[in-house]
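The letter at position 376 of the sequence shown is residue 376 when you use the numbering used here, and the numbering goes up by one with no holes.
Among the hints, erroneous ones may be present.
[To be verified] Straight-line alpha carbon distances no greater than 30 Å define the calculated DSS-like cross-link-like pairs of lysine-lysine that follow:
no., residue 1, residue 2
1, Lys81, Lys226
2, Lys81, Lys141
3, Lys198, Lys291
4, Lys226, Lys198
5, Lys81, Lys229
6, Lys12, Lys112
[As the list claims (entries may be wrong)] Here are the computed distance ranges between Cβ atoms for each label pair:
no., residue 1, residue 2, range
7, Ser219, Arg189, 21 to 29 Å
8, Glu346, Asn5, 16 to 24 Å
9, Glu148, Pro306, 43 to 51 Å
It should be emphasised that the hints constitute simulated quantities derived from the structure, not laboratory data. Cβ atoms here follow ideal geometry from the backbone N, Cα and C, with glycine treated the same way.
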Amino acid sequence: MQYRNFQDLEWKPSALGIGAMRLPVIGNDQSAVDIPEASKMIRYAIDNGVNYLDTAYFYHGGNSETAVGEALRDGYRERIKLATKFPYREVKSIDDFDPAFERQLQRLNTDKIDFYLLHGLHRPAWETLRDMGIIPWLENKVAEGYLEYLGFSFHDEYDYFTQVVDAYDNWTFCQVHFNYMDVDYQAGRRGVEYAANKGLGVIIMEPLRGGQLAWQHESVAAVWEKSGKIRSPVEWAFRWLWDNPEISLVLSGMSTYDQVVENVEIAERAGNSNLSGDEILLYDEVRRAYKNLVPVPCTSCRYCMPCPNGVEIPAVFKIYSDYKMYGNERISRIRYNGGPWGLKPEQNGGTCIECGQCLELCPQHIVIPEWLKKIHSELSV
Numbered sequence: 001m002q003y004r005n006f007q008d009l010e011w012k013p014s015a016l017g018i019g020a021m022r023l024p025v026i027g028n029d030q031s032a033v034d035i036p037e038a039s040k041m042i043r044y045a046i047d048n049g050v051n052y053l054d055t056a057y058f059y060h061g062g063n064s065e066t067a068v069g070e071a072l073r074d075g076y077r078e079r080i081k082l083a084t085k086f087p088y089r090e091v092k093s094i095d096d097f098d099p100a101f102e103r104q105l106q107r108l109n110t111d112k113i114d115f116y117l118l119h120g121l122h123r124p125a126w127e128t129l130r131d132m133g134i135i136p137w138l139e140n141k142v143a144e145g146y147l148e149y150l151g152f153s154f155h156d157e158y159d160y161f162t163q164v165v166d167a168y169d170n171w172t173f174c175q176v177h178f179n180y181m182d183v184d185y186q187a188g189r190r191g192v193e194y195a196a197n198k199g200l201g202v203i204i205m206e207p208l209r210g211g212q213l214a215w216q217h218e219s220v221a222a223v224w225e226k227s228g229k230i231r232s233p234v235e236w237a238f239r240w241l242w243d244n245p246e247i248s249l250v251l252s253g254m255s256t257y258d259q260v261v262e263n264v265e266i267a268e269r270a271g272n273s274n275l276s277g278d279e280i281l282l283y284d285e286v287r288r289a290y291k292n293l294v295p296v297p298c299t300s301c302r303y304c305m306p307c308p309n310g311v312e313i314p315a316v317f318k319i320y321s322d323y324k325m326y327g328n329e330r331i332s333r334i335r336y337n338g339g340p341w342g343l344k345p346e347q348n349g350g351t352c353i354e355c356g357q358c359l360e361l362c363p364q365h366i367v368i369p370e371w372l373k374k375i376h377s378e379l380s381v
């Protein structure tokens, strides 16, 4: 395993970290974690040098922490830095803080959390938690020995990211969404550089866009082939991230044992990769190849909004474009039909009554009702 730097900490993180949001499950029930298989996967990673594991209170319907606690028995807890996240959606006041935290310790079968994050900060989550008294509470837990390092994960825009970074002097690290296709999404590259310049360790989530970058259209594969190197699309994605010295480690939410084996092997040979100039140019070409697959020329200008019947037109087009670019039908259907981080059922294309109001407003002259009908026929359940 190759190891990287975590700003001023003497501890060196493995290039690859374990994300416990997509553990194997029994059947199609995302809350029913297959604990024996998850333990096998987690222990293989640790046995092969991975030394950071990230979970959260809400993952797998609240069962991820329990599965992780089981996997870390038999001495494995002492071999890894354990991270989990404060469940801000679970609390209404400071009186709820301790009971929620005690449940986390019980689930994880531990008396200490090494890296503790405020989960998924976005407007106005930081202000709400701050006003409840989260910082004195966190600092007290550090003083009592229950927590070691404090940080946050983030899901909002760059300007808000800098506000959160600057709001507290004792952040040790942050966790952001970043990959070679989402360079400017949310905090983006500017956020990675800003946090690193402020002395924070930077942990990356969604390096494969939820697995989407593991699949590639033949037009994308043809670009990678120009390198003359035999690499999987997963390896290309990881190498791009590890080429950034500001990044401390990259989390991967692995769902199968084979994925763990593959990703560990990639980290062992490429965990501190240095891309050549020609390789960096290839990523630009790959981005163009992906974007050429976008079927609807929507720029999300939102001139068509609000739809009088409640259709979230730009969001529908974004889900469909992601489907055509990355080929993940299952994720696209979940997002389209009311799944987490997706549309409400009444916001998808099936609600369109073809009133035509949007046709007069779209500067791209998209025949919106026809596209909505087509998308609904492909993605509805």
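task: Given the range 43 to 51 Å, decide if the beta-carbon distance of Glu148 to Pro306 lies inside it.
output: Holds, at about 47 Å.
- prompt: Is it true that the CA of Lys81 sits at most 30 Å from the CA of Lys229?
  reply: violated (34 Å)
- request: Verify the proposed pairing of Lys198 with Lys291, using a straight-line Cα cut of 30 Å.
  value: violated (34 Å)
message: Hint check: Lys81 vs Lys226, CA-CA at most 30 Å. Holds or violated?
response: Given that 30 Å is the threshold and the Cα spacing comes to 39 Å, the pair is violated.
query: Lys81 and Lys141: Cα distance at most 30 Å?
result: Between Lys81 and Lys141 the Cα gap is close to 17 Å, so the pair holds against 30 Å.
field: Range hint 21 to 29 Å (beta carbons of Ser219 and Arg189) holds or violated
entry: Given range 21 to 29 Å: holds, Cβ gap about 25 Å.
message: The hint says 16 to 24 Å between Glu346 and Asn5; measuring C-beta to C-beta, is that right?
response: At 48 Å between Cβs, range violated.
- prompt: If you draw a straight line from the CA of Lys226 to the CA of Lys198, is it 30 Å or shorter?
  reply: Violated: Lys226 and Lys198 sit about 38 Å apart, past 30 Å.
message: Would the hint linking Lys12 and Lys112 be met if the CA-CA limit is 30 Å?
response: It holds: about 19 Å lies between the C-alpha atoms, which stays within 30 Å.
The earlier numbered hints that this structure contradicts are 1, 3, 4, 5, 8.
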